[in-house]
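Sequence order for the protein chains is P and C.
In case it helps, the numbering used here puts the first sequence at residues 11 to 255.
In case it helps, the numbering used here puts the second sequence at residues 77 to 539.
Wrong hints could be hidden among the right ones.
What the hints assert, rightly or not - In silico SDA-like pairs for lysine to any residue, Cα to Cα no more than 25 Å straight-line:
(1) C:136 <-> P:108
(2) C:136 <-> P:78
(3) C:136 <-> P:61
(4) P:161 <-> C:529
(5) P:143 <-> P:133
(6) C:435 <-> P:148
(7) C:136 <-> C:147
(8) C:530 <-> P:49
(9) P:143 <-> C:435
(10) P:205 <-> C:492
Calculated directly from the structure, the hints in this document are not laboratory data.
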Amino acid sequence: MTLKLRLLAILCAAGFLTVNTQAITPSWSYENPKVTTGEFQVRNVCMMPAEGKLSKVTMKGGQGMSSESDNWTSALENMVEAHLKTAGAQILQASDAMASGASDEEIRQVIVQLNQKYEDVANQLNRHPKDIKKSRFTLGDDAALLPCAAKSDVLVFVQGEGQVTSGGKKAMGMLVGGKGNVSYATLVLTMADAKTGEILAFARLSNAESFGDKFVDQTENVYGKALDKQFSRLRIGVYLDKKKH
Amino acid sequence: MHRKAACLKCPTLALVLLVMFPVAVTCAQELDKAAADFHFTDVDTQVLHDSKAIDEQYLKKGLVLQDPQLQPFLDSVGKRIIGNRPIPDQVEFKFTVLRDPMVQAFALPNGSVYVTTGLLSLLEDESQLAAVLSHETAHVFERHGYLENRSFRKKALTLNILQIVASAAPAGGNFSQSVQLFGAAVNLGAAVSSEIIVASVFGYSREMEHQADNDGLIALSNASYDPTAMARTFELLDEDSSLEYEPIQGFYRDHPKLTERRELALQYASTHKANKPEADDKKTYADNASAAICSEIQLDLSSRRERTAVDRASKLSDMFPDNPKYKVLLADSYRALGAKTKLPSPDERTRHGQAEHRKEYFSMTPEEEQKRLLAKPDGQAALHDNEATAEQLYKSALQSNPNYADAHRGLGFLFEQEGRYNEAATEYQSYLSMVAGTSMDHLRIERRLAAVRKLSDASMQSR
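The shape of chain C in the complex, shown without the other chains:
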């Protein structure tokens, strides 16, 4: 309610909403008709075939996360959202988690709904997950994949013809330039994959997205979830985008604008009462999604998203303070931050700062980036703080479970990084004695142990 009041205080946004609503309703009516009249053609069959092939490829490439606790949870939320609605022809709803740090969810036209570990680790409770699934399943119910594909093919043909006509026009003319620009965009899209798959992942037309939001809100209410969850999901997506530089912006972030979508969702929620989330909903959600969140933290650490890793691991560790696994993940994340601060500085958040970050991301390796940061006093201070926090967290994990091998390994990494080779050797040794050859990391730690022992001996001799 508070947020709604804030919205109405802003006259520009209120005006946009006033104009948007009738337009969205008219477009939705047209789209509803198209979905109702839908019949399969050869082109659609190809799209269906492609969707199935993509399902197989995700599985084959090991991108599908299979967890005995998460999968039934995801299936139950999906089932509740679908309810008793008639399932369209050639659709079989399947809900799958993809190992991918990009914050994203998408549905293929055959009913395969994918939620990435990146998105699952961002959400706070079950109703937000339900909001995401309700939006994605709406795309399938409304046949958006097929309709967008047909529309795209018509546009592409027109653009190709225009391109030929333009090439015959006098060079340098405005008409020629504008058409070439469109042509470049089409070619870029075509080079990626089948357009429909690109559209499924990166977003449909504005009208289709609005329709999916509207249908999603209705499905959310019908399944007795709180419709404000959709608005909160948009808020989370908006807040999270400022944490890291993203080389690829997920569709959810700006198509259409999140603020606009959030306000529309709040408007709907104000007139539709539903169950409010219970107090321990967040904890239950985090527990159910923990496999995805842990996988995500590891992926974040492998893809230079240390700030995101700290954020996600903090969430888990705060909710389950007695679990040493989450403490060690948080410590690993702080250790990986190195000379970076936990949150971006105000300078980094500016447009110029983001542009600089972009340049660095593409031109510097992680090691070079750390070196550059360490050349400044701020970087040195950040490194000192992060290492101290990591050490304290590893030690705290060992206090709650002295036999937790991963904490010893983490301490070993940290001490090695700090040049405390003797202590690092002790920690690596403890780790190895606890895992006794059963760990995947046995060999690497044996090598590191040998290396730090050499370094330790060398430093003793030099003294």
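Okay, chain P solo, but in the shape it has when bound:
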């Protein structure tokens, strides 16, 4: 009888886990072959301002996590930059006027315009990411308007979206299941040709489930390895030289 009860408990736990893991988006990435073959070389990178959004779900509804979102976004941006540097890439910032003589307002306007274009392209990109291989998606050569683009091979867009779930909400999730009851965090990385605006790579990294709510403070542990793997795949900087040898 006790054995049967234990078996039932294990089955229930497995059931809840299945329900919960279904909510988590798996990691994947798509690249244009000209990047993975090394025909298009990535050594200089212009970072677009990262976008991150965290929300907290409790039994009393959602709660703002504005300052946490801000910190998490900075952490994601710094981590991506650090890994790109480790890969031997030179980093430039989209907001940097460099020697262009452009005003801050002009650069802000171009950044917002490029983000608008990116959002627009993302509608199709999210549905058919495989089509990156066919060079289907582009931001247009407006990408070259950014002062940093003159000295960069690619523009990098970093986007994070995460949800922290309270204990009460998790307990409810165990009772009723559903997507809204799991903590998750997804990092989306997109690379666009700095001259033509063509989307060259699109990766969705989602590895937060094993960290529970602690993913917010552990960006390196959550995404570090996956990023290195991704940059090796894209043959960025030193990875390009390694493969040549």
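Guided by the hints, dock chain C onto chain P, whose structure is given.
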């Protein structure tokens, strides 16, 4: 007055208004009491903290448009609307323009009032802007942000409990289904952000919106603006929504129904006289808001809203026919239209047409959409007309100022698009010689020049 008469001819609307008015008054009285009795709790402090953090994020992300002419204008209208009213505790009114093509205005509970470039470019005069600000500041005066947040938290808790109860109920029962539906809506809201911020941006409860309209109308009259401006603003919002397919509908458009709100505003205006706008009000407004309108046209062109761009640029160009900048923006907008018509066809305006547009918007890239349109004779005709209009506008801008570099660049883009590579090269060269390395666009045009020269050589050789 004419509009009011039209309203009273419609018995259904008159009946709705008759029923709505006492209900709105009763709800407003309850809300007034809640605002008067308001005291800060921990939950409210969190909302205040979130609002401040959002202000910082908008600034940090470069979404705030800072213009030396527009900002003082916006501040002066805001100040006039607030008047001498006592400012609630923990509120500091700040009026800010956001670079965002979505037609929207919203106020955070800490008194930060945001108006998007999308909305500023739609409005026609100062009194309409005052109408928008009076509505938004009313939300702050009445503490709607905090009250809505408290109400939402209570509802969310109840729904969560119901969801648990429902999960224990027999599966497939009606009760279970309805509760799951509510739960999904709550979860969706929660996934976006703090509910209160979502509510601030996308709208409060119906009662709160009516109260903000009523309070806004009073503030508008007290500040000697014409109260009919609010009705006209609702009209503009309604008309504009038919121009493009919007992936996200702004709150203003249907919550509560714009026609209903417009009629209530007209009813109020009929009993309250105020200064009528002066003849050159529209021109003065357009001049003050020109930075926002120009920014908006660029954003529209970056987000597949070419028809809106043509509409806004036409407005500017008609008012300031001698300004080559506005002519070039209008020409850019016509060029970007490509095979699209300036206005949606009757077919596109139908429900089926809109559904088709929605499908295309999400499944086709702009290039694919153009290709599909060009496969039809109508699309080819539209492309021909739009390109001809664009060329004529660029040339007209150069007539008024032959050294206007952007007109040469635009002509270069147009000729390249038309396969007139030699002429495109000449225009790009003129542009480059005029900006002499000082333009942000120098490098891109140099690249394009090299490309069109190659194409031009290739076509010469093939001949």
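Going through the hints against the structure:
Taking the CA atoms of residue 136 of chain C and residue 108 of chain P, the gap is about 19 Å. The hint holds against a cut of 25 Å. For the given pair, residue 136 of chain C sits about 15 Å from residue 78 of chain P by alpha-carbon distance, which is consistent with the 25 Å threshold. In summary, the hint linking residue 136 of chain C to residue 61 of chain P is supported, as the alpha carbons are separated by about 11 Å, within the 25 Å threshold. Restraint check for residue 161 of chain P and residue 529 of chain C: satisfied, since their Cα atoms lie roughly 24 Å apart, inside the 25 Å limit.
Of the supplied pair hints, the one linking residue 143 of chain P and residue 133 of chain P holds, its CA atoms being roughly 17 Å apart against a limit of 25 Å. For the given pair, residue 435 of chain C sits about 20 Å from residue 148 of chain P by alpha-carbon distance, which is consistent with the 25 Å threshold. Proposed proximity of residue 136 of chain C and residue 147 of chain C is supported: the alpha carbons are some 18 Å apart, at most 25 Å. Between residue 530 of chain C and residue 49 of chain P the alpha-carbon distance is near 22 Å, which keeps this suggested pair within the 25 Å criterion.
With a C-alpha separation of about 23 Å, the suggested pairing of residue 143 of chain P with residue 435 of chain C holds against the 25 Å cut-off. At roughly 18 Å between alpha-carbon atoms, residue 205 of chain P and residue 492 of chain C fall within 25 Å of each other, so this suggested pair holds.
The structure agrees with every numbered hint stated previously.
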